[in-house]
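K.L.:
Single-letter residue listing:
There are 4 protein chains.
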Amino acid sequence: MEYRRLGTTGLKLSALSYGAWVTFGRQVGRSAARELIALAYDHGINFFDNAETYNAGDAERLMGDVIADLRLPRDAYCVSSKVYFGAVTDPKPTQRGLSRKHVFDAAHQALERLRVDYLDLYFCHRPDPDTPVAETVMAMDLLVRQGKVLYWGTSEWPAELIEEAHRVARENHFIAPSMEQPQYNLLHRDRVEKDYAPLYRAHGMGTTIWSPLASGLLTGKYNDGVPDDSRLGHPDYAWLRDALLENDGAALKTVRKLAPIADGLGIPLARMALAWCLKNPHVSTVILGASKPRQLEENLKALDAVPLLTDDVMATIDAAL
Amino acid sequence: MEYRRLGTTGLKLSALSYGAWVTFGRQVGRSAARELIALAYDHGINFFDNAETYNAGDAERLMGDVIADLRLPRDAYCVSSKVYFGAVTDPKPTQRGLSRKHVFDAAHQALERLRVDYLDLYFCHRPDPDTPVAETVMAMDLLVRQGKVLYWGTSEWPAELIEEAHRVARENHFIAPSMEQPQYNLLHRDRVEKDYAPLYRAHGMGTTIWSPLASGLLTGKYNDGVPDDSRLGHPDYAWLRDALLENDGAALKTVRKLAPIADGLGIPLARMALAWCLKNPHVSTVILGASKPRQLEENLKALDAVPLLTDDVMATIDAAL
Amino acid sequence: MEYRRLGTTGLKLSALSYGAWVTFGRQVGRSAARELIALAYDHGINFFDNAETYNAGDAERLMGDVIADLRLPRDAYCVSSKVYFGAVTDPKPTQRGLSRKHVFDAAHQALERLRVDYLDLYFCHRPDPDTPVAETVMAMDLLVRQGKVLYWGTSEWPAELIEEAHRVARENHFIAPSMEQPQYNLLHRDRVEKDYAPLYRAHGMGTTIWSPLASGLLTGKYNDGVPDDSRLGHPDYAWLRDALLENDGAALKTVRKLAPIADGLGIPLARMALAWCLKNPHVSTVILGASKPRQLEENLKALDAVPLLTDDVMATIDAAL
Amino acid sequence: MEYRRLGTTGLKLSALSYGAWVTFGRQVGRSAARELIALAYDHGINFFDNAETYNAGDAERLMGDVIADLRLPRDAYCVSSKVYFGAVTDPKPTQRGLSRKHVFDAAHQALERLRVDYLDLYFCHRPDPDTPVAETVMAMDLLVRQGKVLYWGTSEWPAELIEEAHRVARENHFIAPSMEQPQYNLLHRDRVEKDYAPLYRAHGMGTTIWSPLASGLLTGKYNDGVPDDSRLGHPDYAWLRDALLENDGAALKTVRKLAPIADGLGIPLARMALAWCLKNPHVSTVILGASKPRQLEENLKALDAVPLLTDDVMATIDAAL
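Chain order of the listed sequences is E, D, Y and H.
Take 1 as the starting number for the first sequence in the UniProt record's numbering and just add one per residue.
Take 1 as the starting number for the second sequence in the UniProt record's numbering and just add one per residue.
Take 1 as the starting number for the third sequence in the UniProt record's numbering and just add one per residue.
Take 1 as the starting number for the fourth sequence in the UniProt record's numbering and just add one per residue.
The hints are simulated quantities; they were obtained by calculation from the structure and are not laboratory data.
One thing to keep in mind: the hints can contain errors.
Chain copies aren't distinguished; within one or between two, either way the pair holds.
As the list claims (entries may be wrong) - 35 Å max Cα-Cα, derived DSBU-like pairs, lysine-lysine:
#1 Lys253 with Lys148
#2 Lys148 with Lys92
#3 Lys253 with Lys92
#4 Lys279 with Lys148
#5 Lys148 with Lys257
#6 Lys92 with Lys257
#7 Lys221 with Lys148
#8 Lys279 with Lys92
#9 Lys257 with Lys292
Computed from a predicted model, the values in this text were never measured in an experiment.
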């Protein structure tokens, strides 16, 4: 496994990490989760990503139970939570958002669900237009000072709001955010590559990217239609089916153009897509969401594929996008 | 239920909330309190107001027992306490006021009585001329940093003293007050509408107003004399009886002028009085003090009456005052 | 009882208070201590003074046991400790002084001996030339922030060192000292009246004065020689016997000049001496050290004697000194 | 025993102290450790040095058990730990270095191994090029504020990095480092005497020096070859054997020149070497590593040898180096 610093912090995350999103508590039950986390850890993965809202808290409960059961040494892995959407199906006004109350309540509840004394990473899952940035930054600062959180960050915040968080932190001697968790993949590049560019330079922020395979599109498995057993068949994924059809199916067209490049390298398209994310030095870790051991093992091969992405190959990919 | 931000903070309180003042532990015993709080919560009320001095601590004990008994999720409601008057009948010098000692002691005792780990809102119930504002602000700052209080504020402080609290906070990197709890109703407008106006603009403060019905005057029930079963018959309410007679009975005369306006809208006077408070955008929440379920349900209808208060109606009311 | 603010803080101490120095664990055993503290509390005394070094920790243990036994409400009284001399007979280098280590250790040990969660007042018993003032001020600041100490101060520090403590506090946003515990009585006036004068004005400091009767000299009981049953007969009080003889017995001569003034007022000399201390508005509280209930009751009468000390009487006293 | 302040702090350490490095858990087992620590304490040694990496945590476990077993009063001795190398044989990326995570985890684990509530001294065992100095300084600051560490410092950091730590501390109101733990002995002088000179003046730093006998070279026991029972025979000490041979055996040649000077003073070479370290006023304490009681008792005699090192003798030594 390769390890990368989270931005300019001293925390070293595995370049590939593992997240509970959409799978834990749905396709992935207790015994599968145990097998997957053990496999990930044995391959050197040291960051397990989660959020209060993933399966309404059940994803964190499952991960917490499994990690406790596996007796992983607490100082050898990192675990995250995210606050914003709430951990119940129909959150009341104080059970979601980034108010001091919910940021605190959500942290304490995540600690309990994940069965740990501190969260390594704690994210504001979205910006909250109804809470001043200063209120949220101060809440995060207090949690770090109380030893309940190590590093805090944002997820899918516009760059200017992250800048505001840094300004508030600087002016008030608050602890500033260390990382962003943005979507990043061959079909979705601009925020990470353009919008956030000043954040890396000015604040040394790291990124823990999600959806490196664009929810499966970049596996190529939808190139010939949606198979019955895919997540896409589930009513919860209507948004994804819609995305496929959006802009006259532009995304699928792009994917079909990328497939021959991967073929030319002699690797599956998904592996090339993950390796492409890893090529970006501002990506601290690429969060995998595999629901089966075989799939996770396949994804881990992306590390070895990075050297295949020479400047020429990268140029060919750019041309295809 | 409508929810409003507490000033510019991220905390969303129900526009109507419920307080223990004068009722809990007197007219309202355990089973009534349980019924009232359950009813309030089921109607979306998420803020329950209290103070150390209400019935010498018994109001907080009763509320704490009932909320624990109802198993309300801690992140779904807010509870307050207030420090100043002491929680015993004849407080000793260190058992009242806003010294660092009493602010700390009172917070810890309120946490125990209310059976919670933190107070959502904690008020300085009155200014304390014998304690420097800086000492009180620092005590509040420490309680927030220790996680025992979320938002702190004042109650019935003159605007200039609140400004001083903000100045002290700014100069010392202390956490500033977020809200005031003033009296506000058709008969008592000036402090909220005039004195505090700069506080909303400059500091984004919210208000949690008390006595929206002027201790019952605005129900119109005293228009024809004091009925035997009203609070007014109780020796403790001599002050209220006196207030009725003050200025040649000016208050009652005003109430009698307002009654026909409510009649014209086809709603009871009390409902119009509550709706009138809700019209003020600087009111974060209107604290109800109903002692009977039927009365609380009636009061909750004020939310639907707000649209009836058109500009014309508001002008007519202003003319009557 | 009269109550006075501790300088400009919001803490109100009884004008007469009660200390364990030299008596607790020697003349005063458990049942006497219980009787004396109960008597003091019943007369409105709300401050009980102590120090780690008084009888090598036993004075604090005794006081803690008795207060717990009497079930005094924690918010109704104040208790102090002092750090410097150590709580063992022959302290090792880290067991005394004002290093961060000993200031912390001593606080935690005093909390345990006194059986309380926080010390109301915590004093640096003497200056420590071997520790930077900044180290001690920071240690005190941390203890207040951790909720283990409410107000911290100094005892018998020269004014310029107290000024330095304030400067360090101001420059580093540390919590400044609130009070001094100096010796003050008719025979020992200059430090309190002259040296500390700027401290009252600039920093609003209070004083909790000790030895108001000059270790018994001002009772007049040594005017005709040292009786056998007095503390002065004890080998530990050789220093006091020496002080009596110092400067050709100047102190005793002064006391003999004061006796007729007290006679003229129709009160015992000791009562006049205590009332004289109370006349000074910069004295927050006068610490009594009575070892017998009758003596404590007699001392408490000093409060009523203050009005007897008219400007004329004060001038006569000044002339005698 | 002589006691010295740790730089300009108020902490007084014994001029000779005792460390667990390379011996505890290897040559020194439980009963020997008990005998050695008891002997050291009885001779006035009050500082026991340790590190997470010494024997992969076992040195701290052993010391913690023995000190608990001996019931040494917690305020009478100091104990240290150091963070950087990890406490397991093959540390994972988050189990070593100076990231906020490892600095926190290592502190908590050391507290548990050493069975204490706070570490008196906590060192960054080496600089970590992969962690910003500001991240480490803030982590140390938080540990001190939380009461888990009293004084923090560095070990074998270049002077410019220590300066940076002070700058970061000053600019952010963080608590600055108080001490360095450098190697210092007759064969290794420059860092302590030259590089660090500005640190003593500007920041009042102290030093807790290690290897005063240059891993045994300065005992003279290798002057005639390596005996079988010495540490040098162990495969782990290949580095030391290499050092002996380095520069054409320059170190041994120097030692052979020093031997007659010690002879001239009538003391063993080792005693002179320790006394020479003690002569330096910037040395706060000299850490001994004796593995046998007799050896420790011999080393303690160095205190009495200091007066023998007159200016003339020191000049002779300088000439020999």
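K.L.:
Hints first: check each against the structure and report whether it holds.
P.N.:
A quick look at each hint next to the structure:
1. Lys253 with Lys148: neither (46 Å within a copy, 56 Å between copies)
2. Lys148 with Lys92: both (25 Å within a copy, 22 Å between copies)
3. Lys253 with Lys92: neither (42 Å within a copy, 43 Å between copies)
4. Lys279 with Lys148: Result: close within a single copy only, 33 Å intra versus 41 Å inter.
5. Lys148 with Lys257: Neither, since 47 Å and 58 Å both go past 35 Å.
6. Lys92 with Lys257: neither (46 Å within a copy, 40 Å between copies)
7. Lys221 with Lys148: Close neither inside one copy (41 Å) nor across copies (52 Å); limit 35 Å.
8. Lys279 with Lys92: Intra 42 Å, inter 23 Å, cutoff 35 Å: inter-copy only.
9. Lys257 with Lys292: within (27 Å within a copy, 71 Å between copies)
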